[in-house]
Amino acid sequence: MSVDKDNVIKIANLSKISFKDHEIEKILEDLNQIIDWVDQLTEVNTDNVSPTFSSFDNDKGMKKREDIVNDGDCREDITMNAPNSEEGFFLVPKVID
Amino acid sequence: MKKLTELCLHEAREGLINKDFTSKELTLDHIEAMESSRSLNAFITETPEIAIKSAEESDLRLSNGTNRELEGIPIGVKDMFCTKDVLTTASSKMLSNFIPPYESTVTENLWNEGALLLGKLNNDEFAMGSSNETSFYGPVINPWKSENEKIDLVPGGSSGGSSASVAAKIGLGALGTDTGGSIRQPASFTGTVGLKPTYGRCSRWGIIAFASSLDQAGPITRNVRDNSILLKNMCSHDPKDTTSSLKEVPNFEDSIGKSVKGLKVGIPKEFFQEGMPNEIVEIWNKGKEWLKKSGAEVTDISLPNTKYALPCYYIIAPAEASSNLARYDGVRFGHSVQSSDINDFYKLTRSEGFGDEVKRRIMIGTYVLSSGYYDAYYLKAQKVRSLITEDYKNVFKNVDVILTPSTPSSAFGLNEKSDDPLSMYLNDIFTVPVNLAGLPAISVPAAKDSNGLPLGLQLIGRPFEEETIYSFAKILEDSADFKNIENQWWIK
Amino acid sequence: MVDQMKNLIKGSTGDWELVIGIEVHAQIISNSKLFSGSSTSFGSEHNTQVSFVDAGMPGMLPVINSTCVEQAIKTGLGLNAKINNFSIFDRKNYFYPDLPQGYQISQFEQPIVGNGMITIDLDDGESKNIGIERLHLEQDAGKSLHDQHPSYSFVDLNRSGVALMEIVSMPDMRSPEEAQAYVKKLRNIMKYLQTCDGNMEEGSLRADINVSVRRPGDELGVRCEIKNVNSIKFIGQAIVYEAKRQIDLIENGNLVEQQTRLFDPKKGQTRSMRSKEESHDYRYFPDPDLLPLTFTNEFVDEIRKTLPELPDVRRNRFIDEYGLSPYDSNILVSEKETADYFEEAAKNSNPKLVCNWVIGELFSVLNKMNKTIENCPIKALDLGELVNLIDDETITGRIAKDVFEIMIETGNNPKSIVDENNMKQVNDLSEIERIIDKIIKNNPSQVEALAEKPNLIGWFVGQTMKETQGKANPKTVNEILNKKLLNED
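Chains C, G and W, in that order, are what the protein sequence lines are. Numbered per numbering that gives the first Met the number 0, the first sequence spans residues 0 to 96. Numbered per numbering that gives the first Met the number 0, the second sequence spans residues 0 to 491. Numbered per numbering that gives the first Met the number 0, the third sequence spans residues 0 to 488.
The set of hints was computed from the structure by calculation and includes no laboratory data. Take the hints with a grain of salt, since some may be wrong.
When the alpha-carbon atoms are kept at most 25 Å apart in a straight line, the in silico DSS-like pairs for lysine-lysine are as follows [to be verified]: (1) W:Lys265 to C:Lys93; (2) G:Lys92 to C:Lys25; (3) W:Lys81 to C:Lys93; (4) G:Lys239 to C:Lys62; (5) G:Lys268 to G:Lys239; (6) C:Lys59 to G:Lys392; (7) G:Lys396 to C:Lys59; (8) W:Lys81 to C:Lys59; (9) G:Lys239 to W:Lys91; (10) W:Lys81 to C:Lys63; (11) C:Lys62 to W:Lys142; (12) G:Lys287 to C:Lys19; (13) W:Lys266 to W:Lys232; (14) G:Lys92 to C:Lys19; (15) G:Lys447 to G:Lys291; (16) W:Lys5 to C:Lys93; (17) W:Lys81 to C:Lys62; (18) C:Lys9 to W:Lys91.
Ranges between beta-carbon positions, derived for each pair [what the hints assert, rightly or not]: (19) W:Tyr93 to G:Asn277: 51 to 57 Å; (20) G:Asp340 to W:Phe41: 51 to 57 Å; (21) G:Lys292 to C:Thr41: 43 to 49 Å; (22) C:Glu22 to G:Glu247: 48 to 54 Å; (23) W:Gly216 to C:Glu85: 55 to 61 Å; (24) C:Asp76 to G:Gln337: 21 to 27 Å; (25) G:Asn96 to W:Met368: 54 to 60 Å; (26) G:Pro238 to C:Glu85: 51 to 57 Å; (27) W:Ser333 to G:Pro238: 40 to 46 Å.
Backbone N, C-alpha and C define an ideal beta-carbon position, used for all residues, glycine too.
If we strip away everything but chain C, and leave its shape as in the complex, we get (with noise of 0.2 Å):
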């Protein structure tokens, strides 16, 4: 399958990256090579196989935790590397719904 120009723009949108005009070709072009090789795995038959989402080992099902209060509470370690923060806010462009 092949990638094309607005494709990378609506993919380059939805991850929030901009590329400016000029680099817009060799990342179409990069796509395209990598897309086109990982397109052989069509040719692996994978009729009634299941996906894997994590190798990890399940037989014990997941994890859970008990419902009690033991974390937060620590409003100067979440804003202490905020480029932008007011009396604990976290500031962004304004948003206007």
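Chain C is fixed; fit chains G and W onto it per the hints.
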């Protein structure tokens, strides 16, 4: 007087216990080595003050008999592990100012056993790469140089800083992470021992995530025994990680020197590539001989879906990465721009913060998960993954370990492959299936090629059978009698 | 069953049928969040209930809260739904400031609960079955404040990661009333189960309303989603406005565009949401940090055993045990607190009388005072005691009303009020006779008029009650008057 950096981990451990020298003396030598080896660019952040302070505390403990497993041992840590209050960058501009308020479980385990932090090691940006050339902080230079050419070589990736520092005898071991071979391939390129444990052995909590179902932390060391010691102290069950195993952690060091008589070694015929360099075939054969000599049975096996492992990996890993890296949006940490529109804010922040390879993988990942393509790519790849896992399960009914080359070549030159992503991806051909199946595997230096550059052999084991791997690895190591670098050209 | 015809809306070009489906987001009652150990309590200082996991910091991982799983199963059982022993958590990927990970952990194709059904009760006494499509677990997002600063939005992540149950109905509702009844019933069931506190003002229960219109018998029309409606009243208003908007559009020759809209309570209108206009590709895939959620039938059965009595079952019991009418029982069970209050009050008292007092006087007073039964000024047992005082003829019905008012004001118990204010019913036959004789003697003209109009006896009753300040036993008064005045004739 021989510098203390000449001692390997277990030798240094013994020396400290015997009070031949103090941890402070040992650490100062390693700090000096680190500071005079900056031309390798292995470290992003040097932490001499932390190291010295810890060394002093260790010396106290060593003197009053309360010393722990790794007391006073300096270690380098790949910059993918969050270290509390110490800059942690993932070798990316995106996190070039990130100071974690928390410590990763694996490093916490080591500090709790008395090890000390020498510095944070350079790697491929967000662990994506096989040559350490995608780092925001510049490439790492392999301490090995070809006998015939003086060009700079790559140390492999993504744990390039980890493998280079160990090869240059800076630190007594280094932590790396392995998602598609990022410990084993650089170990092979630098003549060091690198192990990726079974998925779930080491906690992933606090390790910057690349591909969650594939990532594992692991040790890179100068020899097999050191590796087993470091691994033992890294592993633990972590209730904060849903994918952390409850299996008991054995004392891996005990399996060093154990006999492999009667055990079976599998040689997968599909790993034999058309046009494979003769040198690789030769060391593979040598490896078979060594193991036969030690009493193991060597037999041919088939892993039919081997050739699909790489494309499978290059769908799954980017897909998971595209989602894991969505949190880098300039809001709560990391690189950020000024903008009046939220969408522009995101796009500018991410486009500036991420390098080309990372952007490429995010794009691939987003593509293969997107509507209309999910079934044909992501779902398909996860099914192929099941087949690959099944292949290994089947052969492990009849063999105890699998022997393969670690890499299709020795270390290549800087910039040689950086323009061709696909050619770069092919470096992982022998290592990637292991991550897909969640198995443990090690790379042990086996021989040098005609240019005098290291080549490694890989041993793959059953889930949670790192002990078996170590027993076999020790035999390979003893048989290979691999000599490390003589001329430390990088010291200034 | 409900007559569908009566719900049709008359447009200018004919009849229209309204089709409504509702997605409810219900915050689970739990101490900590779905995948982290931070507190879930409401109203705390911003960003103080946020862990590194909630903030989506590098290297952080989710671990699921076992209580949240149980609460979802409980709710599924309360919805008569299929519980899925195997379900998967998926990542829903999109960018938004209140979504720190850049994805929400949710469930896509394999949710924890499948098809179910609840019965809703309508005002006219009819009931209707509404299908439940599914229930799944997911993380709540944080909150953004847009009015703190001219160019910035302020983000608070306290709510980020709180456990939500998303309950999706089948598009079975056909009127605003049905929609309101559905949400009320859902809320009531969860309050009974204590899986969600149903507090719409605080945001623990939010509804997304999907509205479309069509000619009766036609295919489904294009639907619009009205997001985050947070009161029963607004649900009704929003649907009425939206239905009219869509009908007007179509009747004027335009098409309804599929949109996400917001309800503006001040204007009583819905408007299109700007930021949601671009269609989203959420790229759902199973979260690799988690494993499939599995449990056994036995586990579910254990939970089933712990379920409290649900509203419909309780209503039927009220009818059987207390002899109440279905209509009255419905009213009592429609809020768990009301049913609890009633049963407490009726512990030692005549349930029918208690019921009348609760539904009549008590509701009326609570309404006037703008209070709920949870902060009712009269203790339940005290109401029961009041009823007993009427029942055993200690006081009259009329006096009881006065006592009731004093109980509201003072919170005191009825017995002490009656004693302190000397309000006991006068039962003394001779005393009543004496008063009646006096009235008869003093009003000969009325006595004469009685021969023509026997109904005038009411006047005598009134006078007697006046003389006794309402305390005379009305039964006795009537008996004596009848004997003296009518039998003499």
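> Which hint numbers doesn't this structure obey?
Replying inline: Violated: hints 3, 5, 11, 12, 16, 20, 26.
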